[in-house]
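Going down the list, the sequences are from chains R and C.
This note's numbering numbers the first residue of the first sequence as 420 and each following residue consecutively.
This note's numbering numbers the first residue of the second sequence as 7 and each following residue consecutively.
Accuracy of the hints is not assured; some may be wrong.
As the list claims (entries may be wrong) - To be clear about the criterion: a stretch of chain C counts as covered by chain R if any three or more of its residues have a C-beta under 8 Å from a C-beta of chain R, and this derived list gives those stretches:
#, segment
1, 62-72
2, 84-95
3, 115-123
4, 132-140
5, 143-149
6, 152-159
Simulated from the structure, these hints should not be mistaken for laboratory data.
Don't be surprised by glycine CBs; every beta carbon is placed ideally from N, CA and C.
Residue strings, one per chain:
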Amino acid sequence: MKRITFIAFLLLSVFSVLSLKAQIGNVLDQSQVHGSFQVDGQYYQSDKALGITDSLLNGHRVGLNGFGNIIYTLGNLSAGLRYEAYLSPIAGFDPSLDGDGFPYMYVSFTDEKFSITAGSFYEQFGNGLVLRSYEEWTLGYDNALNGVRLIYQPIRGLILKGVYGSQRKFWDKYVKNGRGTVRGLDGEMNFNELFASMSDSKLRVVLGGSMVSKYQIDANPIYKLPENVASFAGRANIGLGKFNLSTEYAYKINDPSAINNYIYKDGEAFLASLSYSTKGLGLFAQVKRIDNFSYKSDRDVTVNALDISYLPPISETHAYALTSMYPYATQPNGEMGFQLLVNYKVPKKSKLGGKYGMGIAIEYSQINDIVRDQVDDTTFINQKGTLGYASDFFKFGDHVFWRDFNITIDKKFNRKWKAIIQYMYQTYDIATIEGHPGEPVVSSRIAVADITYKFTSRKSLRTEIQGLWTKEDMGDWAALLLEYTVSPHWFVSVTDQYNYGNPVKTDQVHYFSVAGGYTRETTRFQIAYGRQREGIVCIGGVCRQVPAASGLSLTVSTNF
Amino acid sequence: MKNLIIAGIFSLLVLASFSQNESQNTNLPSVNIKTLDGQTVNFQSLTNNGKPMIISFWALWCKPCKKELDAFNENYEDWQEKTGVKIYAISIDDARSTAKVMPFVSGKDWEFEVLLDPNSDLKRAMNVNMIPHTFLIDGNGKIVYQHTSYYEGSEYELFELVKKVAKGESVSEK
Chain R
420 MKRITFIAFL LLSVFSVLSL KAQIGNVLDQ SQVHGSFQVD GQYYQSDKAL GITDSLLNGH
480 RVGLNGFGNI IYTLGNLSAG LRYEAYLSPI AGFDPSLDGD GFPYMYVSFT DEKFSITAGS
540 FYEQFGNGLV LRSYEEWTLG YDNALNGVRL IYQPIRGLIL KGVYGSQRKF WDKYVKNGRG
600 TVRGLDGEMN FNELFASMSD SKLRVVLGGS MVSKYQIDAN PIYKLPENVA SFAGRANIGL
660 GKFNLSTEYA YKINDPSAIN NYIYKDGEAF LASLSYSTKG LGLFAQVKRI DNFSYKSDRD
720 VTVNALDISY LPPISETHAY ALTSMYPYAT QPNGEMGFQL LVNYKVPKKS KLGGKYGMGI
780 AIEYSQINDI VRDQVDDTTF INQKGTLGYA SDFFKFGDHV FWRDFNITID KKFNRKWKAI
840 IQYMYQTYDI ATIEGHPGEP VVSSRIAVAD ITYKFTSRKS LRTEIQGLWT KEDMGDWAAL
900 LLEYTVSPHW FVSVTDQYNY GNPVKTDQVH YFSVAGGYTR ETTRFQIAYG RQREGIVCIG
960 GVCRQVPAAS GLSLTVSTNF
Chain C
7 MKNLIIAGIF SLLVLASFSQ NESQNTNLPS VNIKTLDGQT VNFQSLTNNG KPMIISFWAL
67 WCKPCKKELD AFNENYEDWQ EKTGVKIYAI SIDDARSTAK VMPFVSGKDW EFEVLLDPNS
127 DLKRAMNVNM IPHTFLIDGN GKIVYQHTSY YEGSEYELFE LVKKVAKGES VSEK
């Protein structure tokens with residue numbers, strides 16, 4: 420009997436191992452692994468004209484930023500991790516990034532109704548006013564949440580989300596009573612999906628609401644600080660025919676921090692935009708108000724890290740070298756602005772449009788300070804440890820931070836020639852935007868001509884001619900770029916930016932550089948040699964100051 | 007110890023990626039994205055009745071992306087007639103400019119559909135490092151080809167591949 424049991428057990432084991440193996444084989448067939456990596460390397464050299472000496476470099480001749488990303492999927496399951504190395508960080512990146520490791524890893528399960536993620540994740544509620552975690556490799560910015568996220572879709576048209584975690588801060592480990600934790604709930608209702616009677620309606624309605632709270636211990640010897648800081652936001656997206664209205668309002672309870680000088684005022688943020696879109700014409704207007712809305716998971720941090728809220732700047736992101744020399748950055752302590760935009764396509768075969776049509780874009784944006792009044796006779800405006808100030812929601816302050824008027828025309832003349840012409844007038848308050856008191860307000864005019872000539876269907880030459888004229892800061896600039904491309908693989912370019920109007924004669928420097936690149940499918944090599952201008956690089960509302968540099972740079976990027 | 011475990015997992019995954027059957031192409035990930043008027047759609051649900059699709063990642067601040075999409079738009083009618091291909095342009099603009107995408111697209115008079123990926127969820131799931139990044143999807147919803155960057159004339163190479171895919175042939179870049 421015993422023997423039979425034993426044999427049966429043995430057979431069963433063999434059978435189950437075999438079936439397990441078959442299952443594993445099956446599983447391996449269904450699973451997929453994908454990823455990507457990128458390495459940006461720089462070799463620095465001394466450059467007298469830029470004031471870079473050997474002693475300044477002090478042996479730090481090599482900067483290297485790299486990442487490797489892997490995502491594994493098996494049906495509804497997904498897992499991923501990212502390796503990052505900054506050895507040492509490229510000039511301009513936060514020195515705290517120095518080092519390497521795995522800052523990002525997660526496991527998630529997703530089916531039609533339900534999704535759960537454990538580990539690191541990126542999430543945005545609405546426009547991100549009360550919660551947005553994201554990463555921007557080119558800026559070295561990453562405020563990923565580490566914890567748990569649940570997403571539940573009980574019926575079509577209703578999405579509920581819950582998050583809990585702590586945020587990434589460079590390589591700093593989370594420790595108890597250190598940086599705060601973040602908890603959030605969000606719900607979004609799509610009326611056209613929820614209600615059958617509205618499914619074919621011309622009126623499209625999406626409503627949403629969020630609640631976020633951060634917890635950080637109060638270890639301050641002087642002030643009694645709120646350990647739980649809650650914020651609330653409501654949003655609506657309403658479409659009617661060719662019109663679309665999108666708006667969000669957020670409110671935050673008192674949150675004294677290093678950014679707002681430890682005042683106990685509540686915070687507010689408001690965004691609203693209206694657009695009209697029809698064939699060949701798009702109109703857009705938006706307003707924005709930010710009042711004391713810096714929201715970080717560590718109240719004592721002032722660097723670009725640990726932001727819970729995302730306050731989008733409403734100025735245009737310009738893409739040419741001189742047009743982006745003075746880029747705007749949101750002022751979380753207070754600003755009020757608006758933007759108007761017209762996009763128009765002159766039709767094909769009209770007198771002005773020619774054979775291919777012609778595009779015209781006109782934009783105006785202005786951002787002012789908010790109005791701040793004393794809360795009582797004995798308190799200074801923004802006095803530490805007080806209510807700070809009172810502010811009228813509907814009043815613009817007199818102080819102009821930013822103003823930009825620009826017009827862009829693009830036209831294809833024939834199969835060989837096409838051009839983009841851009842002209843703009845910008846006002847930029849360095850003292851406020853870069854936080855350097857005493858610096859001037861820069862008023863500049865900028866013109867760009869971007870001309871492409873096609874030799875053959877695959878070979879073409881692009882020329883950019885740019886000028887920036889101002890009496891302030893570094894004075895006038897001129898820039899020239901020549902770029903020759905052979906599609907789909909090769910490019911070479913030469914560029915020079917010349918600060919010919921600098922009031923200091925010895926600072927009238929040429930920033931000359933050459934670059935070349937090869938792309939095959941998704942693998943890209945790029946090499947450049949020359950000078951890099953000091954300036955600000957901004958993507959998605961976060962900016963990074965880049966120092967002047969000279970040397971060789973290399974980028975390799977691929978995915979699989 | 008923790009690093010050892012991670013290194014172990016990492017090497018396992020790399021190994022698994024190499025042991026992947028070469029002929030088995032990638033499926034589209036299940037990620038929610040948005041239409042221009044704020045509706046949520048699952049990326050996996052995009053189909054084109056067994057005909058090829060082009061998925062192109064772009065943003066308002068990306069000059070070469072807009073050039074590529076202009077070039078696609080110029081040829082779209084012709085391409086559709088010949089192959090039935092459908093183009094989806096996925097904007098990775100964040101909250102700063104998502105609301106501006108719709109009036110921009112109207113002003114451009116682009117004929118293809120534009121969708122929004124405001125927090126780069128799809129961009130990450132598709133392993134896009136830089137834009138423009140363009141994918142070619144065959145009639146079975148598998149990624150058969152991808153390319154990053156745009157140079158004048160790249161659209162012709164892409165269309166050669168679209169024609170092959172429409173005929174059911176396999177593709178790779180010359």
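Against the structure, the hints come out as follows:
{"no.": "1", "hint": "62-72", "in the structure": "holds (count 4)"}
{"no.": "2", "hint": "84-95", "in the structure": "violated (count 0)"}
{"no.": "3", "hint": "115-123", "in the structure": "violated (count 1)"}
{"no.": "4", "hint": "132-140", "in the structure": "holds (count 5)"}
{"no.": "5", "hint": "143-149", "in the structure": "violated (count 0)"}
{"no.": "6", "hint": "152-159", "in the structure": "holds (count 7)"}
Of the numbered hints given earlier, the model fails hints 2, 3, 5; all others are met.
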